[in-house]
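Once you have looked at the hints, place chain B on chain A.
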Amino acid sequence: MAALVVSLRALRADPLRSPAVRWTAALGGAVVVFGVLMAIKGAAPISAYTSMWSSLSSNRSMESVLVKATPIVLAALAVAVPARAGLVNVGGEGQLLMGGIFAVGMSRAIGDAFPGHSALIALCLAGAVGGALWAALAVLLRLVVGISEAVTTLLLNYVALNAMFFLIYDPWKDAHGSGQPATPALPAGQTFPMLGSSTVHAGLVLAVAATAIVWWALRSTRWGFQLRVVGGNAEAARRAGLPVGIILLTAMLVGGALAGLGGVAQLAGTEFKLRPGFLATYGYIGFLASWLARHHPLKVAFAGVVLAAISIAGDSLQIDSALPAATVNVLMALVLLAVFGWGARRVVPT
Amino acid sequence: MRTRSIRMAALLLPLALLGLASTSATAATAPGKGSKAVGFIFVGPKDDFGYNQAAYQGSQAVKKQFPKLKVLTAENVPEDDNAARVMEGMIAKGAKIIFATSYGHLDAALKVAAAHPEVAVVQQGNFITGKVAANAGTYFGTVYEPVYLAGIAAGKATKSNKLGYVYAFPIPQTIANINAFELGAKSVNPKAETITVATSNWCDPAKQADAAKSLLGQGVDVLTQHQDCTATITKAAEKAGKMVVGYHADASKLAPKGWLTGSEWSWSSLYNDIVKRALDGKFTGSPYNGNYRVGYKTGKNPFVQSKFGPKVTAETKSLIAAALTDISTTGSPFKGPVYAQDGSTIIPAGVVPNYGTVEKKMTVFVKGVIGDLPKS
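Chains as they are written, first to last, in this note's numbering: chain A, -3 to 346; chain B, 250 to 625.
Pulled out of the complex, with its shape left as it was, chain A reads as follows (with noise of 0.2 Å):
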């Protein structure tokens, strides 16, 4: 540890160095420190490095990281959004269960109703609004109450998830299932179709879309300027006249909805029925995501892709290493520090 200190240190000393050999330099200490800790419980870490890696290099683990990382990237986006308003979106693991919850029940409510594609439409409007509604809730307590987003969305994942135990326990339970409360899976026509002949599936469409016009509504839009001045001092822009809260409760909003289409996308791409563990921890990997990216919307996504990669790198740790399967969230939270490490003084996002 002491060693990525010292290092980071030096890095920052030197600001001639490019941006690009800095990183290189933080996410190596990062491996480093790793590989230690690996020795210490046992495991070669040059084969241990090798096997992670060449357990990612086949087509079908790509796949997995592209499944894995599709509600990343989205929840990543609902976090990117509201932060460059200045608001804190702690809440992406709720407004990912409710993009499910929506999308669920939206299901029950056409049936076979909507023919073709139109199904999936639903479906996908029913998570946005989900999710939108969710992070409102939040935003909304903030305008007229006052009570700081960030306590108040992460609390609401947890009324999010009740709310779907009491779903899935109770009035949506599977009735010809095996007991274990889930929902019933969805019916053939609701689900995303796989890309090509692969296993992924097309949520990752979206995921790249909703990726591209964040990045071009944050930067070239009107919109996208009255987030970055409220972000940058609300009682500035207030005397500018701009309507704060309706700014506010708008980048929180749209926070939300792509949080909900991360939900659907898991729900009608991967999982196809809401149980127990849906979703856990992808909301708050998300959170990691953004910061670690600094909400730009193009980094963001591939910071998203890039922590998937690691989770399931992971695998390897345990089939090939044969250590705990808390091993990964080490290297994780590694990384994260000597990326957070790296650019402590960079508060500003660009």
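Hints listed in this document are in silico derivations from the structure and should not be mistaken for laboratory results.
Note that the Cβ used here is the ideal one computed from N, Cα and C, for glycine as well.
There could be a bad hint or two in this list.
[Said to hold, decoys possible] With a cut-off of at most 25 Å between alpha-carbon atoms, the simulated BS3-like pairs for lysine-lysine come out as follows:
1) A:Lys37 x B:Lys319
2) B:Lys312 x A:Lys269
3) A:Lys37 x B:Lys312
[Said to hold, decoys possible] Per the computed footprint, the stretches of chain A lying under chain B, defined by three or more beta-carbons under 8 Å from a beta-carbon of chain B, are:
4) 21 to 33
5) 49 to 56
6) 266 to 273
The following block gives chain B in isolation, referenced to the frame of chain A:
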């Protein structure tokens, strides 16, 4: 700034477009035959003093029995599509025999089995409805039998006549356990009642601690559980000076004073037999290529009684021995009449249900169990 954005986009796009190549189906051979490795996935940590530890020990017995086989294990594998990915990873490492050891791993196990006809995929404890594929199956012991015997120990030992049961999900297997525990206790102590609390999680120590606290607060003096990890509740009972009945694994060293008895897994011979059949190319058509259940009446139940603690009297031990003989021959923990909480009859008087009937009928709590099941 612009160039950096473009660079990021350039990095992102190829990733998004990667991996669209197809994975072709393999020629059909006997599932598992000639496998170089065998994979085990566990829903929790492999040292949980419980379900996963027992399954992990079983995997290590396979390693010992088949020294040439590579035994791959993965713990904390969630009960969702992530499980399919981990199993795929094991197959990529040469495993043609996969044990998915948690109840909720079934969907993922069946998905993997469908994608890999050359791999034998067995799942522990759940039930495949409808047609069973040639390379899939489930296996389990009849868990409620030793739980019934442990219920006798609890019924004799309790002073408050209140027993506490912490469980995860209201699945038929768990309901059968709770019912058997209450019926066992009641067979020796008509006043005994069992108070239930659900945690909605196979292993959440924080919720377990809350559940134990609330049960002890209601005057319960024997705690038991259907949880994957058992340390928290075992320790909570011992700390409060109360008694505890174990589940899944021997945790008596965590409660040297309060340990009564319990039920634990002894998977080695069953796992070894499944692996052997598959390696020999004889999986398809074997009993494991279906919903395999084994109990005291039909063979060697892999769910066995744990050792007795200091508080169990000689009288109790002989009562348990007599009950064991009975349910191994002509009896059943659910020998009629068995009444539901609402007074309706589950098993009519004089009827001795077989294993299949029990699995179907256990959707409600019996009389004497306190607690509601979600309606469905």
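Here is what the structure says about each hint:
no., hint, verdict
1, A:Lys37 x B:Lys319, "holds, 20 Å"
2, B:Lys312 x A:Lys269, "violated, 36 Å"
3, A:Lys37 x B:Lys312, "holds, 21 Å"
4, 21 to 33, "violated (count 0)"
5, 49 to 56, "holds (count 4)"
6, 266 to 273, "holds (count 5)"
Of the hints listed earlier, those the structure fails to meet are numbers 2 and 4, in rising order.
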